Amino acid sequence: MCQMEESKVVSKGLTLYYGSVPAVRNVNLSVPERSVMALIGPSGCGKSTFLRCINRMNDFIEEVRVEGQVLIDGQDVYGPQTDVISLRRRVGMVFQRPNPFPFSIWENVAYGPRLHGVKDRRVLDEIVERSLRGAALWDEVKDKLESSAMNLSGGQQQRLCIARAIAVEPEVLLMDEPTSALDPMGTAKVEELVRELKKSYTVIIVTHNMQQAARVSDRTAFFLMGELVEEGPTREIFTSPRDPRTEAYITGRFG
Amino acid sequence: MKIRLVKDRLATGVLWLFTLITLGTLLGILGFLWVNGRSAVTWEFLTQRPRSGMTQGGIATPLVGTVQLMLLSMAFALPIGVATAVYLTEYAPKGPVASAVRLAVRSLAGVPSVVFGLFGLSFFCIFLRLGASMLSASLTLACLVLPVVVTAAETAILNVPKDLRDASFAMGATRWQTIRKVVLPTAMPSIMTGAILGLGRVAGETAPIMFTGAVFFTPNFAKSPFESVMALPYHIYVLATAGTNIDATRPIQYGTSLVLVGTVFLLSLTGIAWRSRLRRSGRA
Amino acid sequence: MEPLNIRKHMDQDLGEIRSGMMRLGAMAEASIRGGVAALVKRDRSEARRVIESDDEADQLAGWLDMSCLEFMARYQPLGADLRAISCAIHMAVDLERIADLGVSVAKRALKLIDQDPIKPLMDIPLMGERVCAMLDLAVKAYLNGDEDLARELCAMDDQVDDLQDRVERELLMIMIDRPATIAQASALGEVARVLERAGDHATNLGEHIMFMITGRRVKASQFRRPLGDRS
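Those protein sequences? They're chains A, B and C, same order as listed. Numbered continuously in the numbering used here, the first sequence closes out at residue 255. Numbered continuously in the numbering used here, the second sequence closes out at residue 284. Numbered continuously in the numbering used here, the third sequence closes out at residue 231.
Everything labelled a hint here was simulated from the structure, so no lab data went into it. On a predicted model such as this, the values are computed, not experimentally measured, just so you know. Note that the Cβ used here is the ideal one computed from N, Cα and C, for glycine as well. Heads up, some of the hints might be wrong.
[Stated by the list, open to error] Just a few of them, taken from the derived set where beta-carbon distance is under 8 Å, the chain A residues facing chain C: (1) TYR17; (2) GLY19; (3) SER20; (4) GLN69; (5) HIS208; (6) MET210; (7) GLN211; (8) ARG235; (9) GLU247; (10) ILE250; (11) GLY252.
[What the hints assert, rightly or not] Taking lysine to aspartate or glutamate and the DMTMM-like style, the derived pairs with C-alpha atoms no more than 20 Å apart in a straight line are: (12) B:LYS94 x A:GLU63; (13) B:LYS94 x A:GLU177; (14) B:LYS162 x A:GLU236; (15) C:LYS111 x C:ASP200; (16) A:LYS199 x A:GLU230; (17) B:LYS162 x A:GLU171; (18) B:LYS181 x A:ASP120; (19) C:LYS41 x C:GLU190; (20) C:LYS140 x C:ASP200; (21) C:LYS107 x C:ASP158; (22) C:LYS8 x A:GLU247; (23) B:LYS94 x A:GLU146; (24) C:LYS119 x C:GLU190; (25) A:LYS12 x A:GLU230; (26) C:LYS140 x C:GLU129; (27) C:LYS41 x C:ASP55; (28) A:LYS119 x A:ASP139; (29) C:LYS41 x C:GLU129; (30) B:LYS162 x A:GLU247; (31) B:LYS162 x A:ASP120; (32) A:LYS8 x A:GLU171; (33) C:LYS107 x C:GLU196; (34) B:LYS181 x A:GLU63; (35) C:LYS107 x C:ASP162; (36) B:LYS162 x A:GLU230.
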């Protein structure tokens, strides 16, 4: 059990209701700083919903009610003083299907910084280069920054979305099944990127592919029907989990 | 068994026939205009102003006037229409308010153009004291084309994938920032094609401008919105019914019709071509 | 979607690996038993039989190894499945070694058959018995996932080691007493050492099986006498 002080993101008793149905039940999870935490579980188990609580993307859904706390560096993001806009700057998100804006590559990456007030072209150029390098995409696109992002391949688009997300220098990066729409090559590149990213960011990745979780994460949390069943170092979860439900899931006894 | 095949062939044949009738009508009108008006359309025709009671000269004044009306009316209709569409799609709470606004927009599309003309006359010309001017005529035309713009903009905005909005929000953008920086720029090409098609409509309307600002003759191009203006559709009407020498100006009438129809055709083709190119590249 | 169907295939394949392991265990036991019997009964044909059957054991061990690799490539197993495969790969290696050691005993038996025995063999057959008992426990523990049997098996290594000590000391005394017997005595001493190694390999089996069951690596020495008490 890791120390609370080293944890970047902590959820305490987090419960989310869609109307009267609880989709996330009393989840207590601690994510250490600069590590990769994988969230696994069958479809509909609440892992993506839980992920979206961290950057309050669930706020956009009307029937949603949230109880409990999500602490980032000890501060509750659901507290009354929280500025949601700056929360979303500190917590970046990458989605399941690559969703670059239909603008140029440069404009995509510069979107975040410009949103938050950066106007100087030179500063923006630096940020764009830094972010594209950080996403392992710079060499492939440095000569065509003005061309449309829609002309990139699926894997490149997803890395562009990652570059876009890290352009505002977040502290936490949330990834919701980031490779499920990619081919094996694109998947491999993104996975390699995740292993690099954890040196600078705290990464929480939802995946339905257990082997992927085993490959990229330091710790893994297993969700089932909204509950957090078990959490621990990835090696332990996948070789000898403690809970029989976890064992049953990872050996494919239910989908 | 064979009867079914016969019926199938018969149905296909009938459908073809009716389609041919439709096509034939269109081609007939175009052909008719072409045959009768081709001789009149020359470069001078397009660049010279009408002379001698419009029996000679060209249609430069009405042509320019129509262009001015198109641009000015769209200048009003586009912002208002897009803003309405943004409200309907992004801000209006689901329920009676949004439905009422949509109903109003659809109803507006069904108003006869002559009614627009009368409305324009009473409201813009008389009540707002704008008089019979390009401004009044443009405003009236704007009302007419508003539903087209609103519908096109609404469709365009709804076609912007939710993914893109999510990405913008997830980076800390407010709703308005997302609309301004992502949704509208993405929807704009689609909105523009809708606007171009709307322009085609505006170019050909006679009744809304008859009372509100179009005149049958003015020697000069209109230099301010408060002046009256000549316009192609009205020009045709005038020459064909009240002109000084109806028979002599017959070729000019056909020529003007040809130019007008040609302009509308060109605008429509441009709009449709642009839209299909957008669809193919995945942005419409 | 189809995880249940894949599960069925996985279970089938695991079942085949288990049967194979059972057979390999039996072969290893037969090899030790036969080698020691050939030595004790001075039976030439028995010795030859043991030597010839080694090919079959090697092939089976190779098949088991291949099947485990295929299983991993095909299913990318996790959890208990992953541990079971790891255990199977290790067990195949140790069982194949034990079978080889049985052959080693048989070969020495062939050499000693023509010589007059220098002493009646009592401890060596007992060692062979112990090793076979350990193998039996190993197979049962593996098939039933029985942690207690595995522990019992590890503890038995003490007995084998003790017997080996006794044999060594006895042979040493005989060699000192009658130097002419050195050749046969050292050969017999070698047999005892071979059987002791077989016991060690059998203990390894226990360790692998316990990892498969519990997910924790244990050393067999935990279940034996404390180090100071061992000779």
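Could you tell me which of the hints above the structure violates, numbers in ascending order? Structure breaks hints 1, 2, 3, 4, 5, 8, 13, 14, 15, 16, 17, 21, 23, 27, 28, 30, 31, 34, 35 and 36.
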